[in-house]
Amino acid sequence: VTPAQVEIARLADNIYIDEIKKAGLYRQISQAYAALLPVRSVGVMGDQRTYEQVIALRAVETKDFMTADWFPMPVETLKRISNRIINEVRGVNRVLYDVSSKPPSTIEFE
Numbered sequence: 048v049t050p051a052q053v054e055i056a057r058l059a060d061n062i063y064i065d066e067i068k069k070a071g072l073y074r075q076i077s078q079a080y081a082a083l084l085p086v087r088s089v090g091v092m093g094d095q096r097t098y099e100q101v102i103a104l105r106a107v108e109t110k111d112f113m114t115a116d117w118f119p120m121p122v123e124t125l126k127r128i129s130n131r132i133i134n135e136v137r138g139v140n141r142v143l144y145d146v147s148s149k150p151p152s153t154i155e156f157e
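For the sequence shown, position 14 (counting from the first letter as 1) is numbered 61 according to this note's numbering, and the numbering increases by one without interruption.
You may find that some hints are simply not true.
Derived lysine-lysine pairs resembling DSS-like cross-links, with alpha carbons at most 27 Å apart [unchecked claim]:
1. Lys69 with Lys110
2. Lys149 with Lys110
3. Lys68 with Lys110
4. Lys68 with Lys149
5. Lys126 with Lys149
6. Lys126 with Lys69
7. Lys126 with Lys68
Calculated from the structure, these hints are not laboratory results.
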């Protein structure tokens with residue numbers, strides 16, 4: 048992991064949490080974060096192809112952290128988050144939302 052990748056993850060996570068708070072959802076979510084995935088994605092910006100980083104957004108609701116369900120994030124909130132991350136975080140051209148429950152998935156990416 049490079050310092051530039053750490054900065055990408057930090058900026059994306061700040062935007063994600065900021066938008067969750069603005070939408071009034073922060074207290075409904077047990078855990079939320081933006082993860083930088085170890086893959087690149089093909090995209091188009093302007094008239095050029097880009098090969099940039101991918102951000103995965105994770106938000107869950109749980110009572111005990113032994114099991115968890117993905118949080119049903121409103122589509123308009125996801126749209127704002129995705130647009131902000133892609134427009135404000137240089138080096139990202141794709142944003143995904145994780146809809147996996149625990150189990151079988153874990154809350155964290157490892």
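Hints and how they fare:
1. Lys69 with Lys110: 24 Å, holds
2. Lys149 with Lys110: Distance ~12 Å between Lys149 and Lys110 Cα, so the pair holds.
3. Lys68 with Lys110: 20 Å, holds
4. Lys68 with Lys149: Roughly 24 Å separates the two Cα atoms, so the pair holds.
5. Lys126 with Lys149: 25 Å, holds
6. Lys126 with Lys69: Given pair Lys126, Lys69 holds - Cα atoms ~14 Å apart, limit 27 Å.
7. Lys126 with Lys68: 15 Å, holds
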